[in-house]
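Q: Now for the letters of each chain:
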Amino acid sequence: MTWAKIALQNMLRRKLRTFATMMGVAVAVAALFSLLAFQRGYQNGMRDELDRLGAHVLVVPKGCPYDSASMALHGASWPCYLKSAYLEQVRTTRGVSVAAPIFMNALYESNGTQQVYLGINETIQAVKPGWKLEGSLPTKTGEILLGATAAKNLHLQIGQEFNLPAIPGERGKVCGVLASTQGAEDAFLYMPLSDAQRLFKRPAQLTHILVRLQDPNALENVVEALRGCEAGMDMNIVPLTHLFQTIQGLVNSTRLLLGCIALIALIVAGAGVSNTVLMAVTERTREIGVMRSVGASTSDIFRLIWLETVQICLVGGVLGVLTALIGAQHLEEWLRNRLPFSPSGALIHPEAGIMLLCLLGAAVLGSMAGLLPAWRASRLSPVEAIRAAL
Amino acid sequence: MVVAMYAKQNEGVHERVESKVLVSAKGLTKTYRRGTEEVRALDGVSFDLQQGEFTAIVGQSGAGKTTLLHLLGCMDTPTSGEIIIGGHSTKGLSDRALTQLRREQVGFVFQHFGLLPTLTVMENLLLPTLFSKREAKARANELLEQVGLTQRRNHHPNQLSGGEMQRVAIARALINRPQILLADEPTGNLDSVNGEAILQLFHQLHREGLTIVVVTHNPILADATQRQLVLRDGQLVP
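Residue numbers (my numbering), protein chains in the order written: chain U, 1 to 390; chain F, 1 to 238.
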């Protein structure tokens, strides 16, 4: 017989009441767990996406930089454009190593599937050092480089000719296939920049420019120089580290708000646990008297009641973590539909460290919630406890 | 250590036993408040209990019997007066020291048995050892055999009769080998057959040298003891 066993048996006396109390803790812990897992997932996803983009600076048309960044990352039809002539100004700005021009457009097939086309030139390789390419980049008219997912979905191999999806009457020849990058670009189709400008009737226009710097530490100076160039008034210069920090700042603000809600839920759950155990102490006053009469000290009684409370909270915590894990997929879908800049990776990223942190939180909650009932129970004098129930 | 001689006529046989005082009560007074009224539950009660003595505390309801038993068992402290157990005064002892005394010197038996419903017979029996941190499995088995409940070791209290529950409670009170067994109306919730079984058990324990004090309204149990302390309105009747 152990203390833990006695506490567990006491916990199981009023199963429904104990379960309801545990569920209060479980809801609070599930909220906390989801919040932390979301923060971690969003942060990781955002960083991965920006790393995949390969650039230090994104040059986009005037407008919301976050919308532009999201479009550049995920693929979209752009509402406004840059003049191709700006590319030279960007390229010749002091501190710029590479400036890769992009023309992006997204079209919808008859079945509703979105197809993203990117017009590129050979400079793309300098900003995408992580690309693993089978075949070659598209340099001649009609050549198409396929993302890994696109090649798989279209069942195409190098050398094959095919009708370009969502562009009636246009054909292309596969010149290369990209290895998977685990990002949205796996579904893209790449063609020579001039082909894209011609097909989408935007000659001498670009959607964005990816810029790599000679020295990433000189970011501030280069950004200032780009903003000060002749075309600076017509372009948005978006340093991606700033973008990351800004978006992360927005997420942190949301997290703070949600964190406050989770904290309130934890406090309410703790009060519920405390109240339940106080009721249990009242119901078991005579038993406490009996235990005191057979040699239990005040600290023994405190320990027993406190242990019961911690057990309720720990089991509630485990239930909460399990609930959050089971519901992670649904929560991910729900969040993705509501967040404008959500990265393509997993938004909810449960980690062992977060689980342990939540269980530790539940244990701390139990420890705090157990103090009052344990103190009250231990303060009962043996004779008062025996008399109370008679 | 005080040594005393006492004699009692029991079932026609004169016994003469040399003994020593185990518990000494000196001028015990206990008052408590009931609303605005002050109730004097005990008023200057003094007596000695010899080691190995089997004593009954009798008297009408409200006479102070249970209060006296609680004071003897260090469950409560007197308003004035003192209790000396084994030559040591309990006056002014801390709660921790009183707990230690209860744990090591006293065994308690209640009218309502006081078994924990979630624990088995064996677990109830071993409960005091959880607090005293003693290993007493062998002792528990021995006691279960003594009270005839070896086969019931894994049963829960709700699967036992009243007599069986009281036997478990007595076994539990003896697990730490106390000097004195205090029983509050031990046959109060039992029928005559089970009451008789408990009485026989007390006799057996008494023969083994245990000091026993019972509070009872049961005249058969009271008459079976060596000595009766009669309380009336909180005072011992001479």
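Quick caveat, the hints were computed from the structure, so don't treat them as lab data. Fair warning: there could be bad hints in the mix.
With the Cβ distance kept under 10 Å, some of the chain F side facing chain U (calculated, not the full set) [unchecked claim]:
hint, residue
1, Gly44
2, Cys74
3, Leu98
4, His112
5, Gly114
6, Leu116
7, Glu123
8, Leu160
9, Gln179
Remember, it's a predicted structure, so these values are computed and weren't measured experimentally. For glycine and all other residues, C-beta sits at the position ideal for the given N, C-alpha and C.
Q: So, for every hint listed, does it hold in this structure?
A: Against the structure, the hints come out as follows:
{"no.": "1", "hint": "Gly44", "result": "violated (20 Å)"}
{"no.": "2", "hint": "Cys74", "result": "holds (8 Å)"}
{"no.": "3", "hint": "Leu98", "result": "holds (9 Å)"}
{"no.": "4", "hint": "His112", "result": "holds (7 Å)"}
{"no.": "5", "hint": "Gly114", "result": "holds (4 Å)"}
{"no.": "6", "hint": "Leu116", "result": "holds (6 Å)"}
{"no.": "7", "hint": "Glu123", "result": "holds (5 Å)"}
{"no.": "8", "hint": "Leu160", "result": "violated (16 Å)"}
{"no.": "9", "hint": "Gln179", "result": "violated (14 Å)"}
Hints 1, 8 and 9, counting from the list given before, are not met by this structure.
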